[in-house]
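J.: Residue strings, one per chain:
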Amino acid sequence: KNEVEQSPQNLTAQEGEFITINCSYSVGISALHWLQQHPGGGIVSLFMLSSGKKKHGRLIATINIQEKHSSLHITASHPRDSAVYICAVRNQGAQKLVFGQGTRLTINP
Amino acid sequence: DTGVSQDPRHKITKRGQNVTFRCDPISEHNRLYWYRQTLGQGPEFLTYFQNEAQLEKSRLLSDRFSAERPKGSFSTLEIQRTEQGDSAMYLCASSFSGGTYYEQYFGPGTRLTVT
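In order, the protein sequence lines correspond to chains A and B. Here the first sequence stands for residues 1 to 109, numbered as in this note's numbering. Here the second sequence stands for residues 1 to 115, numbered as in this note's numbering.
Simulated from the structure, these hints should not be mistaken for lab results. One or more hints might be untrue.
Said to hold, decoys possible - Only pairs whose alpha carbons sit at most 25 Å apart, straight line, appear in this in silico DMTMM-like list of lysine to aspartate or glutamate:
| no. | chain 1 | residue 1 | chain 2 | residue 2 |
| --- | --- | --- | --- | --- |
| 1 | A | K68 | B | E103 |
| 2 | A | K55 | A | E15 |
| 3 | A | K53 | B | E52 |
| 4 | A | K55 | B | E103 |
| 5 | A | K55 | A | E17 |
| 6 | B | K11 | B | E103 |
| 7 | A | K68 | B | E68 |
| 8 | B | K71 | B | E103 |
| 9 | B | K57 | A | E5 |
| 10 | B | K57 | A | E3 |
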């Protein structure tokens, strides 16, 4: 069973700050996802990665397979970035996702 | 709207009643997943289908839970004799399958409250 741990669990920052959310997992994986969940429940996929780094707008996701660790960065944070960010992994040979507990991010104006 | 849809969005029921939720995946997606999310936690896997075949079930899916995908399109999740511990957000996701892994697209969820 893969254990997925995120840190911090809660993060409050001021608009404009650089944000980092971390994710660690215990067993080798095929892919790692970063997801965003707004109040009301809908989940949106931000990134799917298996190596290296991906960038989309102000969001950057990195993964270190050897260290079993991934980070999600948000540059020039904005109040609309306030949401729960969830890391999820797919184990090798499996289809289902195993999720972290989420990081609640609040960006104050 | 061509995304994943779920119905109803909210359901309040009394303990002991049966409830059924529906998920309509993206039309060309042949894989469909059900997850459950309790307050303050990340989602947990319940079950998944490839076409009409239910290929994996979590131990979380007790005898009171049953899921179907009769024609390989929409799916239903039924909970019999609901308990307060069943209160959660039930999320559906779909994906395409092929030689490589395709990401899952999530629906808006059905929030169940058992009183």
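J.: Are there hints from earlier that the structure breaks, and if so, what are their numbers?
T.: 3, 6, 7
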